[in-house]
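Novice: Residue numbering for the sequence shown follows my numbering, starting at 14 and increasing by one per position.
Hint data in this document are derived by calculation from the structure and do not stem from the laboratory. Careful, some of the hints might be misleading.
Said to hold, decoys possible - In silico DSS-like pairs for lysine-lysine, Cα to Cα no more than 25 Å straight-line: (1) K110 - K291; (2) K76 - K56; (3) K325 - K244; (4) K67 - K56; (5) K311 - K58; (6) K215 - K253; (7) K373 - K67; (8) K311 - K226; (9) K300 - K209.
To be verified - Label-pair ranges, simulated between beta-carbon atoms: (10) R280 - V372: 23 to 31 Å; (11) R278 - R390: 45 to 53 Å; (12) E63 - Q220: 32 to 40 Å; (13) I346 - E304: 58 to 66 Å.
Just so we're clear, the structure is a prediction, and the values are computed from it rather than from any experiment. Heads up, the beta-carbon is just placed ideally off N, CA and C, and yes, glycines get one too.
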Amino acid sequence: MTLEPDIFFSLFDEKNKDLYYLFKKNMVGGPSIIFHRYHEAGKTKIREVEMRAKGIEPKTCQKIVGLDANALYLGCIMADQPTGSFTRRREETGFQKESSVKMVSEWLEWEAETRGIPIRHQVNDVEKRIGARKLPVDGFHGPSQTVFQFHARGTRSSRCGSARGERQRKPTLLSPCCHPAVKEFLSTKFQRPMDKYKTLNKDQILQAVLDGKLFGVVECDIFVPDHLKEKFSEMCPIFKNTEISREDIGDYMRGFAEEHKIMPRPRRSLIGSYFGEKILLATPLLKWYLEHGLEVTKIYQIVEYTPSPCFKPFGEAVSNARRAGDVDPSKAIIADTMKLVGNSSYGKTITDQERHREVKFCDETKTSRLVNSSFFRQLEVINENTYEIQSAKKRISLNLPMQIGFFVYQYAKLRMLEFYYDCIDKYLDRSDFQYCEMDTDSAYIAFSRDSVEGLVRPEMRAEFETGSRVLILRRTGLMTREPLVCLRKSGLGMG
């Protein structure tokens, strides 16, 4: 697959390397959570403790249904992805714009081609510094002693003659460049809805997220207010990785862990929570949180991208191949291959390159030398005089756009939350269903009737049947190759 010519993905340079570690720290995979351990048709009750506490007679479980979100990750990668150069805004600077190196270098390359001159910048050379104070500049043309400076809303250029003095060489005092072609270039290549704001505040950022004007990621503190905790009690909406010890789990599982000597030390696990501190969220997921009443108390920084469904043709090609395999058994091998390609497509972008190793097979003499190196990591004996040596690489190029994988994971959680709160919980009364467990793209639910459709609230039935955005439960025809929800399994018991 070939992307459109104007589509590219930014990497993090040395100046913004903390963003690499921020994305990596907040990379949260698919949740696998047990909500209720045992249900059996005709025997167990739906939310028995909860219903009796409210003075309501609990209904008997009649059926347990397993539902699967078909092509969940494929559907997520077909959604808007974070493309182009990124713009960073941090709280400590009043959320002022910080342009990325990619944005600056692309403008400088355009200037160089337009003027027919070579311009030195930190991507094609080393950063130029001028004057006695060694002030850094974005671009520099040696023969004409011209400095080029990028300020996102406008560009500047100036001659660096000695008569002008140090004051004139400061980037902030360089003369503005208002050439129409430059303005057109900036507006077509870099203009985003929030670019007109020199600074922002928390309220403006959150409103921009709600309005869909801000696309990217937000590092923030967020929580479920007390009056909504009952609503979000079953599937806590904020997914995060955190340390879990025996003291954090229930009495039954704590006793089980102690008896079988499990979890002697805290382990890092993925959980659902009521709050997130300094958590990195993609704006589509954050928008859902805000629309459903969650509150953001503090924003630390935002990183803005240009949204583009650039992988949609790829996703459609995979879906078409899988449909063809359903219709024609002779194409099943192609369908299975395309399924694998589609499901694994985003995974390469989140490869942990820091764990890559250099592997060598050596005799005893060379092995001794490698073992004494500071890069040595692991040794395995192959035979009497042959050893496998694993060493850390001396140099690693972090050249993968990990923001793609991050967004795919965030979209996946958004879809599962939408299914629970905007479909099941919206159209069914809670006395009629109870989640048993979920695993990334599936959910197992106990219902109080054999027919799920028969449980829809009477006043919501018309909307359920006709709503264009409702995730209707279907299991027949070619719809099983659409990113909707289908029946995986149904039965009379689960535990």
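Novice: Of all the hints given earlier, name the ones this structure violates by number, lowest first.
Specialist: The structure conflicts with hints 3, 5, 7, 11, 13, although it agrees with all the remaining ones.
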